[in-house]
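Kindly produce the complete structure, drawing on both the sequences and the hints.
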Amino acid sequence: MSGPGLPELTALAAIVSHRSFRKAADDLGLSPSTLSHMMRALERDMGVRLLNRTTRSVAPTEAGARLVARLQPLLRDIDAALAEVDNFRSLPAGTLRINSSEIAARMLLKSTVPAFLARYPQVSLDLVTEGRLVDIVAEGFDAGIRLGEAVPQDMVAVRFGGATRFIAVASPTYLATRKIPRVPDDLRNHTCIRFRLPSGKPYRWEFEKHGQEISIDVPGVLTLDHMELMAEAAVAGLGVAYISDKSAQSYIEQGALVSLLEDWCPAIPGLFLYYPGHRLVPPALRAFIDVLKETN
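To convert, note that position 276 of the sequence shown is 276 in UniProt numbering; the numbers rise steadily by one, no gaps.
Since the hints were derived computationally from the structure, they do not count as laboratory data. Careful, some of the hints might be misleading.
Pairs of lysine to aspartate or glutamate residues, derived as DMTMM-like cross-links and limited to a Cα-Cα distance of at most 25 Å, are as follows [said to hold, decoys possible]:
(1) LYS293 <-> GLU262
(2) LYS110 <-> GLU208
(3) LYS246 <-> GLU232
(4) LYS209 <-> ASP245
(5) LYS201 <-> ASP217
(6) LYS23 <-> ASP135
(7) LYS179 <-> ASP135
(8) LYS179 <-> GLU253
(9) LYS246 <-> GLU130
(10) LYS110 <-> ASP79
(11) LYS246 <-> GLU206
(12) LYS23 <-> ASP126
(13) LYS179 <-> GLU262
(14) LYS293 <-> ASP185
(15) LYS293 <-> ASP77
(16) LYS209 <-> ASP142
(17) LYS110 <-> ASP263
(18) LYS209 <-> ASP185
(19) LYS110 <-> ASP77
(20) LYS23 <-> ASP77
(21) LYS179 <-> ASP142
(22) LYS110 <-> ASP245
(23) LYS209 <-> GLU130
(24) LYS201 <-> ASP245
Each pair of labels, with its calculated beta carbon distance range [what the hints assert, rightly or not]:
(25) GLY29 <-> PRO219: 26 to 36 Å
(26) PRO73 <-> ALA138: 14 to 24 Å
(27) ALA81 <-> ILE216: 28 to 38 Å
(28) PRO114 <-> GLU62: 48 to 58 Å
(29) ALA41 <-> LEU91: 35 to 45 Å
(30) GLU149 <-> LYS209: 16 to 26 Å
(31) HIS18 <-> LYS209: 27 to 37 Å
Ideal Cβ placement from N, Cα and C applies to all residues, glycine included.
Have a look at this one:
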C-alpha cells in the first residue's frame, strides 16, 4: 500500500465538509471527475472504502469519518503555516466581506473605503448593511462593525470613529406648539417616533445623568426600523426621535432639527470593527484595519 499524499487527504476532507463532489471540486479548483478519480485511487491505495456515493449524495463511511476527524486539525495547522508565510510575500487580494450597520457604512464610505480601494485595487470589498446582528463566522464574513455594546465578547475589537451619542431631536415646527421636554419623563406627553429592534421588540429610550439611569417605553403612533428614516420623520414634524448624533448632525446644522435633553444624553463607546481572534487575520482585513486607523 502506498501512502496517501496531502492533495488526496485535503480533497477527502473537502468532500466530507461539503457533502458534495461538485462543491468540493469548486473549492479546490478541480473538476468533479478529477476529484472522483483521486478518491477511487485513495481508497484503492488504503484498501478501505472512505465514501458512500449515490447519484445524489456523498457521505463518509465510518472509516472515512474517523480519518477526516483526525486530519482536520492537522490540515488547519498546515493551512495556517502556509498562510503565515504567504502573508510575507503577497499583496492583499480577493474579496473582503464586512457586515456593518448602515450608519457605520456611511461613515466608511466618506474616507476609509475610497482610500482602501485606491491603495489595494486587487481587493473587492463586499460591504453588507443590515439591521440584525449576525454571526459573522457562520455567515461567511471576515469582520463586522457595530457599536461596542453589541460586539460579541469572544471577538477581537478595533475601535474607530471616537465616542458617539444617542440624542432626542425634533423639528422646530413640531416644538412650536408643544412644551419642550426638560427631563426624560416629559416625553410621555409627546408624540415619539419609536424604533423597532431587529428582534421585533420596541426599543426603550435610555437616558443617564449623574449616575441616574432612566429607560422609557415612549408613546407614539409611528414605529420605524431605520435610523435615517427616523431622522427624516422627525424633520417632517412627525414627533420626537431618538437617534445617533451622526444621523442627526447635518439636520441640526441646517436648523431642520433641534437637539433635546442634551444633559441626559452622555457619550458612549462608539463603533468597533471586530473579527474572530482564533485564526490568522487575512491580509486584506489587516490592510483594511490599517487604513481604518489612518482615516478615523
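Structure-based check of all given hints:
Pair hint LYS293 plus GLU262 does not hold up; C-alpha atoms about 29 Å apart against a cutoff of 25 Å. For the proposed pair LYS110 and GLU208, the alpha carbon gap of about 31 Å is over 25 Å, so the pair is violated. Using a Cα cut-off of 25 Å, the hinted pair LYS246 and GLU232 holds, with the two alpha carbons roughly 13 Å apart. A C-alpha spacing of about 18 Å is found between LYS209 and ASP245, which places the hinted pair at or below 25 Å, so the restraint holds.
For the hint linking LYS201 to ASP217, the alpha-carbon distance of about 11 Å falls within 25 Å, and the restraint holds. The straight-line distance between the Cα atoms of LYS23 and ASP135 is roughly 23 Å, inside the 25 Å bound, and the hint therefore holds. For the given pair, LYS179 sits about 44 Å from ASP135 by alpha-carbon distance, which is inconsistent with the 25 Å threshold. Between LYS179 and GLU253 the CA atoms are separated by roughly 22 Å; this keeps the pair inside 25 Å, and the hint holds.
The straight-line distance between the Cα atoms of LYS246 and GLU130 is roughly 18 Å, inside the 25 Å bound, and the hint therefore holds. Only pairs whose Cα atoms come within 25 Å are accepted, and LYS110 paired with ASP79 is rejected, the gap being roughly 36 Å. Distance hint between LYS246 and GLU206 is fulfilled; the C-alpha atoms sit about 17 Å from each other, no more than 25 Å. Proposed proximity of LYS23 and ASP126 is supported: the alpha carbons are some 22 Å apart, at most 25 Å.
With a C-alpha separation of about 16 Å, the suggested pair LYS179 and GLU262 falls inside the 25 Å cut-off, and the hint holds. As the CA atoms of LYS293 and ASP185 are separated by approximately 40 Å, the hinted pair breaks the 25 Å bound. A threshold of 25 Å between alpha carbons decides the hint, and for LYS293 with ASP77 the separation of about 30 Å lies outside it, so the pair is violated. A distance of roughly 38 Å separates the Cα atoms of LYS209 and ASP142; the hinted pair therefore is violated under the 25 Å criterion.
Among the hinted pairs, LYS110 with ASP263 is inconsistent with the structure: their alpha-carbon atoms are about 30 Å apart, more than 25 Å. In summary, the hint linking LYS209 to ASP185 is supported, as the alpha carbons are separated by about 13 Å, within the 25 Å threshold. For the hint linking LYS110 to ASP77, the alpha-carbon distance of about 39 Å lies beyond 25 Å, and the restraint is violated. A C-alpha spacing of about 23 Å is found between LYS23 and ASP77, which places the hinted pair at or below 25 Å, so the restraint holds.
Restraint check for LYS179 and ASP142: the C-alpha separation of about 48 Å exceeds 25 Å, so the hint is violated. For the proposed pair LYS110 and ASP245, the alpha carbon gap of about 17 Å is at most 25 Å, so the pair holds. Taking the CA atoms of LYS209 and GLU130, the gap is near 31 Å; set against the 25 Å cutoff, the hint is violated. A distance of roughly 23 Å separates the Cα atoms of LYS201 and ASP245; the hinted pair therefore holds under the 25 Å criterion.
Checked against the given bound of 26 to 36 Å, the beta carbons of GLY29 and PRO219, roughly 59 Å apart, lie outside it. Between PRO73 and ALA138 the CB atoms are about 20 Å apart, so this pair conforms to the stated range of 14 to 24 Å. Separation of ALA81 from ILE216 is about 55 Å and departs from the stated range, judged on CB atoms against 28 to 38 Å. For PRO114 and GLU62, the hinted distance range of 48 to 58 Å is satisfied, since their beta carbons lie about 54 Å from each other.
Checked against the hint of 35 to 45 Å, the pair ALA41 and LEU91 passes, with Cβ atoms roughly 37 Å apart. Checked against the given bound of 16 to 26 Å, the beta carbons of GLU149 and LYS209, roughly 19 Å apart, stay inside it. Between HIS18 and LYS209, the C-beta spacing of about 55 Å breaks the proposed range 27 to 37 Å.
Hints 1, 2, 7, 10, 14, 15, 16, 17, 19, 21, 23, 25, 27 and 31, counting from the list given before, are not met by this structure.
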